[in-house]
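> From first to last, the protein sequence lines are chains A and B.
No gaps in the numbering here: position 165 of the first sequence is 165 in this note's numbering, and each next residue is one more.
No gaps in the numbering here: position 66 of the second sequence is 1066 in this note's numbering, and each next residue is one more.
Careful, some of the hints might be misleading.
[What the hints assert, rightly or not] The list that follows gives simulated cross-link-like pairs (lysine-lysine, DSSO-like), each with its CA atoms no further than 30 Å apart:
1) B:K1030 <-> A:K139
2) A:K161 <-> B:K1030
3) B:K1042 <-> A:K153
4) B:K1042 <-> A:K2
These are calculated hints, taken from the structure and not from any lab test.
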Amino acid sequence: VKRDFERFYRENIDRIYRYVFFRVGSNRELAEDLVSEIFLKAFNAFHSYDPSVSRSAWIYRIAHNHLANYFRDRKQEVDLDGIVLTAVGERGEETMLRQEAARTVATALQQLDKDDRRLVTMKYLEGYGYEDMAAIVGKSAGTLKVATHRAVKRLKESIIKFQEGRNSKLQN
Amino acid sequence: LKAFTPSWILKLSALILPDFMSVLWLQLRKLRRAASPSREFKAALWRQLAPAPAVGLRLPRMFAVGIASIVLLFGMGTGVYAYGSPDVTEGHPLYSVKQGIENVEGRLAFSEEQKLRHQRKMVRRRIIEALRHADSPEQVERILWRVPPEKRERIIEFINLRRQQLQSPQSP
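Could you build all of it, start to finish, from the sequences and the hints given here?
Take a look at the structure:
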């Protein structure tokens, strides 16, 4: 069981951490506390885990409920399908430029509709594969693949629009 | 401008200059990496979830590893000594170890040339051993028992000469 749980832990720790991290305002300490609690819950319930359910979907559900409880206890209304991106790294010119590019992507991502944002976030930021996404979202992997490609296309358009708007502002 | 630019320059620039999508993937990957848990956190959480087995359970393995290491080291040292020392001859407790190593060495000689080389080496080793025990004719005889008969007589003559040299007071 321990070996089984270890494999489960290795497969999911990064993705669950990112899921939490983007929903707590990129607060690393808070994310670590919450992820610890989530995996402790999973560890205690691992013996009762139903193998017919995808493990990724199982831990995702635990994480989602845990975050919902956390925000409810603090009387905070947070959209768990939304994410909060903040620039990372604060040293030197190069880092500033990188922050700028990251900010552009983050802003464009916020402008996508909820479903598109969720797909792009799950696939490219949290790091889920289409099969896992299908188990979590409850749609087929093929459908999600097409929908994600479309969402990325819209993200691209959104970035171009954002950059054009910024350039025209600078010219004025 | 594109119409007047040679196609090879366009192809080259497409290879060198990053296109929009690759920049977008890069930014998403950077965001993902920035939102990943640290190794220290992952290791600490794993330790918390699956603590090491109790000392009582760990000790036998620790002992087993320690004993195996000692036996291996001791065995290796003993083997090296037995193989290298001319003092280890018939009647010595480590003689069987030496014989075993020499036999293995002989089996690893596949070609005729290698076999001949091994035979010569063994004769040289027997001569050195016999010289070491030159004061005991019985021991010399036992040592040279393993030397091919056609060479044995000449070696015995040589050993006798050496013995006489050792016994005479003018010997160097």
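> Each hint: holds or not?
Each hint tested on the structure:
1. B:K1030 <-> A:K139: Distance ~28 Å between K1030 of chain B and K139 of chain A Cα, so the pair holds.
2. A:K161 <-> B:K1030: Holds, at about 22 Å.
3. B:K1042 <-> A:K153: violated, 34 Å
4. B:K1042 <-> A:K2: holds, 16 Å
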